[in-house]
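Chain order of the listed sequences is A and B.
Take the first sequence: its letter number 75 is residue 75 in the working numbering, and every next letter is one higher.
Take the second sequence: its letter number 119 is residue 119 in the working numbering, and every next letter is one higher.
These aren't lab readings, by the way, just hints derived from the structure by calculation.
Treat the hints with care, since some could be wrong.
[What the hints assert, rightly or not] Covered by chain B, per the in silico footprint, the following chain A stretches (three or more residues, Cβ under 8 angstroms):
#1 11-23
#2 134-148
[Stated by the list, open to error] Among chain A residues calculated to face chain B with C-beta under 7 angstroms, some are:
#3 Arg2
#4 Gly4
#5 Ile5
#6 Ala8
#7 Asp151
We put the beta carbon where it would ideally sit given N, CA and C, even for glycine.
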Amino acid sequence: MRWGILGARVSIILVNLIIVIIILMSVLPMVSGGLQIDFPEDMEEPSIEGNVVRFSIPIDVYNGGYFDISGFQMSFRISNDGILIAQDTSDPTDIVTGRTTRVNVVMEMDLDDIPTTELSKLVFEQSTLDLTVGVEAAYTLGLVRASVHIDQSMDWSPLISDLAVDTSSISVVPNGTSYDLVVPYSFRASDMISGDTVGLAATLRNSTAQLSSASQTIALQDYNSGQIRFTIEQQAAIWLMAHPEDLTIGADLSYMGTDFHQDYTYHWEGMP
Amino acid sequence: MNEFSFEHGNIGKGIVSAVVAGVKYLFVPLLLLIGISTVLLQAGGQEVAEQVRVQEIMDLVVMFGIPIVILSFFRGFYPRGTLSRFGFGVAAVAAVCLWIWFVTNGGTLTLEFEQFGATLTFTGLLLLFILAAALKGVLYLAELLSYRKEWLGSQESSSKTTADH
Numbered sequence: 001m002r003w004g005i006l007g008a009r010v011s012i013i014l015v016n017l018i019i020v021i022i023i024l025m026s027v028l029p030m031v032s033g034g035l036q037i038d039f040p041e042d043m044e045e046p047s048i049e050g051n052v053v054r055f056s057i058p059i060d061v062y063n064g065g066y067f068d069i070s071g072f073q074m075s076f077r078i079s080n081d082g083i084l085i086a087q088d089t090s091d092p093t094d095i096v097t098g099r100t101t102r103v104n105v106v107m108e109m110d111l112d113d114i115p116t117t118e119l120s121k122l123v124f125e126q127s128t129l130d131l132t133v134g135v136e137a138a139y140t141l142g143l144v145r146a147s148v149h150i151d152q153s154m155d156w157s158p159l160i161s162d163l164a165v166d167t168s169s170i171s172v173v174p175n176g177t178s179y180d181l182v183v184p185y186s187f188r189a190s191d192m193i194s195g196d197t198v199g200l201a202a203t204l205r206n207s208t209a210q211l212s213s214a215s216q217t218i219a220l221q222d223y224n225s226g227q228i229r230f231t232i233e234q235q236a237a238i239w240l241m242a243h244p245e246d247l248t249i250g251a252d253l254s255y256m257g258t259d260f261h262q263d264y265t266y267h268w269e270g271m272p
Numbered sequence: 001m002n003e004f005s006f007e008h009g010n011i012g013k014g015i016v017s018a019v020v021a022g023v024k025y026l027f028v029p030l031l032l033l034i035g036i037s038t039v040l041l042q043a044g045g046q047e048v049a050e051q052v053r054v055q056e057i058m059d060l061v062v063m064f065g066i067p068i069v070i071l072s073f074f075r076g077f078y079p080r081g082t083l084s085r086f087g088f089g090v091a092a093v094a095a096v097c098l099w100i101w102f103v104t105n106g107g108t109l110t111l112e113f114e115q116f117g118a119t120l121t122f123t124g125l126l127l128l129f130i131l132a133a134a135l136k137g138v139l140y141l142a143e144l145l146s147y148r149k150e151w152l153g154s155q156e157s158s159s160k161t162t163a164d165h
C-alpha cells in the first residue's frame with residue numbers, strides 16, 4: 001500500500017467535500033427562503049434633536065441559514081445635484097443563525113455639516129434628493145462578503161412651506177398719532193420641527209424708501225398664521241394719505257441660520 | 001540518465017491526461033460560459049453579460065487552459081517516479097491555481113446598473129478551491145517518492161540488459 005499517495009488523495013477528497021458542504025449549506029437556505037428581511041409597520045418618524053436629524057429604522061432579519069451573518073451594516077447617502085448632504089453607516093451587527101434579530105439602524109444627519117445653500121433648499125424648497133441605501137454583510141464564516149446598494153430618488157417636502165401674505169385683507173389701524181398697517185400672513189411647518197421657533201422679519205417699502213419694518217418670533221405649529229404690524233410714522237402716513245402707489249412687503253423667514261425672502265406687492269389706494 | 005528524454009514517455013498516456021485536463025479546464029468551462037451567455041442574451045441580460053465580462057473570461061479560460069493541457073500531456077507522458085512527471089505535474093498545478101484565480105477575477109464579482117449595484121467577494125472560498133488544487137502538488141510529490149525507487153530500479157535493469165546484449 002502506498003500510504004503517501006493514499007493520504008494525499010484522501011486530503012484532496014476531504015478538502016473538496018468541505019468546499020461542497022460549505023457551498024451547499026450557504027446556498028440552500030438562501031434559495032429556500034432562509035433569509036427574510038422585514039420592515040416593521042410601526043416605524044418612527046424622523047426627529048430633530050438640536051441640529052441633528054435622526055432616522056431610526058428598525059429591521060427584523062431572520063437568518064434561517066446554517067451560518068451567522070456577520071458585520072451586517074446599512075449605509076445611506078443623500079445628495080442633491082451631486083452635492084453631498086449627509087451620509088452615515090450603522091454599527092456592524094451580527095445576525096445569529098436560527099432566529100430573528102432586530103437591527104435598529106440609527107442614522108444621523110447633522111444639519112450643521114450641510115452647506116448653507118443646500119440647507120436652505122431643504123428648509124424652504126420642495127426637491128428631489130438622490131438617496132443611496134447600501135447593505136453589507138459577510139456570510140459563510142466570513143468566506144463570502146456581499147454588498148448591495150440601491151439608488152433611489154426621494155421626494156423631499158420642505159420643513160417650512162406655503163408662506164403667504166394676504167394682501168387682500170390688509171387693514172389700517174389708527175395708533176395714536178400714527179397708523180399701523182396690519183398684514184395677515186400664514187405658512188406651514190413640518191411635524192419634525194413643531195415647537196421650534198422661526199424668525200419673521202418684514203419690511204414695507206415704496207418706490208423710494210423703506211417706510212417701516214417689523215419682526216417677531218413664532219413658535220412653530222403645523223399651520224401658522226398671524227399678523228405683521230407695520231407702524232407708519234406720522235410723516236409717512238401723511239404722504240400716503242394723498243398718494244396712492246404700489247408698496248412692497250418683503251418677508252424674511254429665518255430658521256437654522258438659513259433665510260427665505262419673498263416680496264409681495266400691495267397697491268395702496270390712499271388713506272380711507 | 002536524462003529523465004526528460006522522450007524515450008521514457010508514453011504518448012497514449014500523455015494524450016489521455018491532456019484530454020482529461022482539456023475537458024476539465026477548457027471544454028466544460030467554455031460550454032458553461034457559452035450556455036450562460038446564451039441564456040443571458042435571450043433573457044435580455046446583455047448588460048449583465050457585458051459586466052460579468054463573459055467574453056473576457058472565455059479568453060482567460062483559453063489562455064490558461066491551453067498551458068494546463070500541454071503540461072498535463074507531459075505529466076501523463078512521463079512514467080511515475082520520474083522528476084519530469086513531477087516537474088510537469090507541479091507546473092500544471094501552478095497553472096490550475098492561476099486559472100482558478102484569474103477566471104474568477106480573484107473572487108470578486110461586481111455588477112453596476114443605473115439604480116442598483118452589487119459586489120460579491122468570495123476570495124476566502126476561492127482560496128479553499130486553490131488549496132484543493134494545490135494539494136494535487138502534494139499528491140505528485142507523494143507519487144514521486146513512492147515510485148522513485150521502482151523507476152530507478154527499472155532503469156538500472158534495462159541498462160544492464162542493454163549492456164549484456
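Here is what the structure says about each hint:
Coverage of the region 11-23 of chain A by chain B holds [criterion: at least 3 residues with CB-CB distance below 8 angstroms; count 8]. Counting residues of the region 134-148 of chain A whose CB lies closer than 8 angstroms to any CB of chain B gives 9, so the stated coverage by that chain holds, three being the minimum. Nearest Cβ of chain B to the Cβ of arginine 2 of chain A: about 4 angstroms, under the 7 angstroms cut. The hint holds. Because the beta carbon of glycine 4 of chain A sits about 4 angstroms from the nearest beta carbon in chain B, less than 7 angstroms, this interface hint is met.
The interface hint given for isoleucine 5 of chain A holds, since its Cβ lies 5 angstroms from the closest Cβ of chain B, which is under the 7 angstroms cut-off. Taken as an interface hint, alanine 8 of chain A checks out: its beta carbon lies about 4 angstroms from the nearest beta carbon of chain B, inside 7 angstroms. Residue-level restraint check for aspartate 151 of chain A holds (minimum Cβ-Cβ distance to chain B is 5 angstroms; threshold 7 angstroms).
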